[in-house]
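Protein chains in written order, with our numbering: chain A, 1059 to 1518; chain B, 590 to 987.
Check the hints yourself; a few may be wrong.
Distance ranges between label pairs, derived from CB positions [as the list claims (entries may be wrong)]:
1. Y839/B x G1221/A: 27 to 37 Å
2. V1079/A x E753/B: 50 to 60 Å
3. F629/B x L1068/A: 54 to 64 Å
4. S1466/A x A750/B: 52 to 62 Å
5. I1382/A x M755/B: 40 to 50 Å
6. D971/B x P1089/A: 39 to 49 Å
7. Y839/B x P1372/A: 56 to 66 Å
8. D971/B x G1221/A: 44 to 54 Å
9. A618/B x V1079/A: 39 to 49 Å
10. L608/B x W1367/A: 51 to 61 Å
11. A618/B x R1165/A: 40 to 50 Å
12. Y839/B x D1429/A: 58 to 68 Å
To be clear, the hints were calculated from the coordinates, so they are not data collected in a lab. Remember, predicted model here, so these are calculated numbers, not experimental data. Ideal Cβ placement from N, Cα and C applies to all residues, glycine included.
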Amino acid sequence: MLTYIFRRLLLMVPTLLGITVVVFVVMAAAPGGISALSLVEGQNLEPQAKKALEDYYNRLYGLDQPAPVQFARWLNNISPVGFAQDDTGGLTGWPMLKPPDLGISFRYGRPVMDLIGERLPITLLLNVLSIPLIYVVAIAVGVRAATQRGQAFDTQAGVVLLGLWSVPTMLAGVLMIGFLASDQFWQWFPTGGLSRRAALDMTFLPQAEVWWTLLALLALAFLFAAAFMVFAARAGRAPRMAAGLLLGAAGGYAMIQDLDALTSLTSLVVGGVFGALLGGLMARSEWLALRLLVFGGAGILSGVTAAGWLMPAPMIPGFLLDRIWHLVLPVICLSYGGLAFLAKLSRSAVLENLTSDYARTARAKGVNEHDVLWRHVFRNSLLPLITVSATLLPSLLAGSVIVEAIFSIEGMGKLAVEAVQTRDRELVLSITLISGLLTLVGYLLADLAYAIVDPRVSYD
Amino acid sequence: MTEAVHGQSWSQRILSEVLLRWGARLGIAWIGLLTLLAVFAPLLANTHPLLVQDAEGWHSPMLVYLGPADTTLLGIFFLALLLFLLPGRRLLRFLAWVSGAAVVGALSWTLVSPPSLVVYEQYREAEAAGEYQRVIRAPIPYSAKDYLRDYADTGLESPRASDERMHWFGTDENGADVLSRMVHATRIALSIGFIATGIALAIGVVLGGLMGYFSGIIDIIGMRLVEIFEAIPTLFLLLTFVAFFGRSLYLMMLIIGLTSWSGYARYVRAEFLRLRQQDFVQGAIASGLSLPSILFRHMLPNGMAPILVAASFGVASAILAEATLSFLGLGLVDDPSWGQMLNQAVQSSTFNWWMAAFPGGAIFLTVFAYNLIGEALRDAVDPHAQSGKAKIPAKGTA
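Looking at chain A on its own, in the form it has when it is part of the complex (with noise of 0.2 Å):
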């Protein structure tokens, strides 16, 4: 195993330097590349300044070289075994051990590594926050789909999964902010950023000024999840679509109150109804997964509210809270499409494994279908799903740079577009340089895991 990881390691250098070599060739030849007269274009300076400054700018970074040896330049840069450059560019003490240096940004003059030291954290973030939810969501989905093949759910999750995945993550992020975070409608989330200036000065943790009121609103919200949730779970339908109606339409009439604009009668009652539409469909599924979420989540809600009217003082909800509601919509919009893929491969996964001979033979010895299910099926079907983790990170990377383009967060992906729009040589070859990288240890990691599960695979 380790031999194999070695050898899938040093694979990687080629496939890097490849990946690099494109990315320098497309900059190297296009129309005007990249020269120090257009990094100096359009500052209004004394000739001379101007001289001085593209010899700086040809000195620091060898743009009066030819490409090949700006590449090579480039190269040795970030390897950490090369040459030694003294003050005039020129080359001297092969071999040496130094630490690798990705050189310093055009347009930020700072090194490259601090920005992307700032940058990638935050990227990673919003996708490890992503991957645990898509992966929940999609083996629940896809893992009922399957079980009940042909019938209504299957179907119509069919094409609602295909539908979500269609949902250009663009269009998504638009309509989230617009309806939900812009003053023209709901304005629950904020429209953009990572935190309130103002959560800075905060505490790490939500802090109140009478200590108790953080333990009776947790309390509460906690009591009326519990409340709800199993009454959503042993209720008959009767009663619990009875409760679902009353919730929706409760819900649906303050969702139209808060809107102030809207709050005619008819928009009111049309809410109210709406609500109790959907309150009632959500409440009759037989899906008790769905129940729980749905009662579940009214309960926190209604809990929340409630302590909201009883608190006797305000309290400051301090760093972590305002974070995460910062990336409730972000996240969100991330994770539907990979979201959508992965319930529709489970779900042709799990169907596979039912049909299977070892899940027959599990059955005729007398295994209860929710065993065959959980403890035979389902184990194996996790396969296809631990290959695709793979191909999930850069799929997730390249979602990224949509959402943070539109949530403006500072992140890998604002950065890159940022990179090649001002074409900053070295960053965007970095930028290539730490996603190649990513995307390679994530196939390699995918590999590693599939030989985990599935001891019939080996590598050595």
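Put chain B on the given structure of chain A with help from the hints.
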């Protein structure tokens, strides 16, 4: 009638099976509607009146201002209609259509030269002055680039906000009619999908075919190339290309094609690796056929099915890629595009819902249509569609 005697060929069976599914039917219907909109855009949305009767008698400003792109599309469309109705061998008619399309295109781009100066206001002014006895206007009487400069401030009006003008889908930030721009943008959406996927298919089929057929060292080198292109985030490469090479529709098609061939190469390679061991290929090699003949006449038709499925999804992602580039501000500058209109939905902290709902909805429906067709194709090609080694096509990329 000969088909009925010999029974249906495999591709015909696939086709009829695809057409049985309602999803594919809806998808094809939507694409067909878009095609009609794209071809007849100048007749549907145009500031130049279709027909005018004034002191000089009847004349048609619409025909005068018809550009070479318009005439090419119209010519190709009617040629296709004509050949569809004519009897004859399908391949022959197809070849006739392709060569006819080339001739129409060449003639249009050399002969058709509309006046370069366009004054959209003249018709409205002339009508207000009572110079026209009768005017027949297009259903949407605004061109895509008619910024309504004769009216005061027309930027970002919500649908049907103005009393004197009728904009069913509102106006964009420059004051142009959104519905008209959307009708004209169908051309970009459709052509980018087809041409970009065509380029990617061509590269992928040739490279993948060679890799699969020869295997060995060519395969190893080719697969490294495929891996390199798969490990570069496609969207990022696309951004780099467009940012450095400038904004042109044809370049964008080429670039989306150049960056999305790796998936097809993988599919074709896998198919060819499977096929090269089979008897009919060995027979073709033994009888001394030339390499192109073996690859493209014998192997490719038998390995085409999974590639078509991938291509159908590929068209969807090419459309998404163009929309994404336009959305990020790297698309075409003045020409209408759905993504660029969607970009105007949230600007300066106001939410212009009509700029999100209509162009965004059009992108969604088109992508959905192609995905529906792709899924129906996959189900028809492989009833036990398994995605054991599936790859998530990066969203918003090709």
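Consistency of the hints with the structure:
1. Y839/B x G1221/A: 27 to 37 Å: holds (32 Å)
2. V1079/A x E753/B: 50 to 60 Å: holds (59 Å)
3. F629/B x L1068/A: 54 to 64 Å: Given about 59 Å between the Cβ atoms, the range holds.
4. S1466/A x A750/B: 52 to 62 Å: violated (29 Å)
5. I1382/A x M755/B: 40 to 50 Å: holds (46 Å)
6. D971/B x P1089/A: 39 to 49 Å: holds (45 Å)
7. Y839/B x P1372/A: 56 to 66 Å: holds (60 Å)
8. D971/B x G1221/A: 44 to 54 Å: violated (23 Å)
9. A618/B x V1079/A: 39 to 49 Å: holds (45 Å)
10. L608/B x W1367/A: 51 to 61 Å: Because 60 Å falls inside the window, the suggested range holds.
11. A618/B x R1165/A: 40 to 50 Å: Roughly 48 Å apart at Cβ, these two residues keep to the hinted range, so it holds.
12. Y839/B x D1429/A: 58 to 68 Å: For Y839/B and D1429/A the Cβ distance comes to about 59 Å; the hint holds.
Violated hints, listed in ascending order, are 4, 8; each of the other numbered hints is respected by the structure.
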